[in-house]
Every structure is written in structure tokens, then in C-alpha cells.
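Enquirer: The sequence shown runs 13 to 221 under this note's numbering.
Nothing false has been slipped in among the hints.
Derived Cβ-Cβ restraints for the label pairs, each shown as a range:
1) 143 to 72: 16 to 22 angstroms
2) 199 to 120: 23 to 29 angstroms
3) 199 to 167: 18 to 24 angstroms
By construction, these hints were calculated from the structure, which means they are not laboratory data.
Glycine included, every Cβ here is placed at the ideal spot set by N, Cα and C.
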Amino acid sequence: MSGEGETPQAIRKLPPGKLVIASHNPGKVREIKALLGPYGIEPISAAELDLPEPEETGVTFVANAELKALQAADLSGLPALADDSGLCVEALNGDPGIFSARWAGEAKDFSVAMQRVEDKLAALPPETGRDAHFVCALALAWPDGHVEWFEGRADGVLVWPPRGDRGFGYDPVFVPHGHDLTYGEMDPEAKHAMSHRADAFRQLVAAVF
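Starting from the given sequences, assemble the full structure and let the hints guide the process.
Expert: Following this line, the structure appears as C-alpha cells:
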């Protein structure tokens with residue numbers, strides 16, 4: 013979607029060349045680099061450029077992705093792509109949502125975050141559903157302030173205990189609909205084919221490449 017809300021197609025195309033990945037999360041950077049591989053893009057992470065991490069003050073995934081992309085584009089002088097994503101649990105009124113990373117604490121320990129989700133679900137009536145979905149908002153910003161954004165989603169259920177050591181974040185407790193494995197158990201290529209991030213990337217690729 014266009015960041016200016018005018019059309020579902022991007023106004024501006026992205027030529028091959030350098031693109032800043034506005035993230036300090038190695039797992040996200042790895043997935044994004046894999047998804048960008050076929051398009052002649054040279055990804056450079058914000059960490060490689062020693063760019064600071066902005067405070068995520070937005071109240072939506074899109075707003076947080078935009079502010080991260082805009083800062084990285086402004087500081088680097090290059091186009092920048094930012095991802096803001098998280099887990100939304102229906103029975104917890106959408107939490108942790110945009111606070112998904114913050115639930116992991118300053119140490120970014122997602123075993124703590126997954127336990128916190130499980131503890132909150134365990135405190136609810138036994139018949140409470142375990143439906144959840146991941147959201148991924150991608151914002152592509154240019155140094156002149158132009159932004160395009162795209163939002164993807166993947167629905168599934170939560171399991172306990174966590175399963176698998178692949179992926180990152182909440183992947184070991186999320187089983188996407190139609191599958192038996194958690195994201196944490198899946199081959200990365202299988203996850204890339206169906207994830208919330210892949211859904212958002214399909215939209216971005218169709219629009220800007």
C-alpha cells in the first residue's frame with residue numbers, strides 16, 4: 013500500500029542497489045536478506061552502519077515501521093526498509109501486539125516473553141481459545157521522506173511447551189493454520205513461503221520491483 017493512502021500500487025519503484033535494513037534483530041535481518049536475494053538488492057543492516065535504534069512510539073505496526081525506515085533513510089542517505097511485527101493473541105485482546113519485543117525485556121529473551129503469554133492464557137478459563145496471528149508491517153522509505161508500506165498476516169494457534177529451535181521470537185509456540193509444525197520447527201524456506209513477513213513481501217515485490 014502507498015504510505016500516502018492514495019493507491020494500492022507503489023508510486024515509486026526501487027531500483028537494484030544498496031538498501032538499508034532498519035533492524036538490529038539478526039533473525040529479522042537474515043529473513044529479509046533471504047527474501048530480497050532474487051531482486052538485485054544489496055542489503056545492509058542498520059547495525060552494520062552503526063545506526064541507532066529509534067524509540068518505537070507508534071501505536072500501530074505500520075507507524076513503528078515507518079518511523080524506523082524514515083530514520084534509517086535520513087541518517088544513511090539510502091532507501092531503507094523497516095519491519096515491525098508481532099504476535100497478537102485473540103484471548104489477550106491482541107496482546108502482546110506492538111509490544112511483542114518489549115515483553116522479552118531488555119535482554120530480549122523471548123523464552124521470558126513466551127512464558128508470559130502462556131501464564132496469561134493459563135489464568136483464563138480452561139475453555140479459552142488459543143487463536144493467534146502474526147502481523148508484519150513493512151515500510152520502505154527514501155531519504156526525501158517518501159514512504160510506501162505493506163502489511164501481512166498469518167493466522168494460527170499457540171502451543172505449549174515451545175517446540176523447535178529454528179526461527180526467532182515467538183516462533184516456537186506458533187503453529188500456522190493447516191500445518192502441524194511450529195514456525196520454530198519448520199525449515200526456514202517453508203516458513204518463508206507462508207509467513208506474515210512473506211505475505212507483506214509479496215505485496216512489496218509486486219508494487220516496487
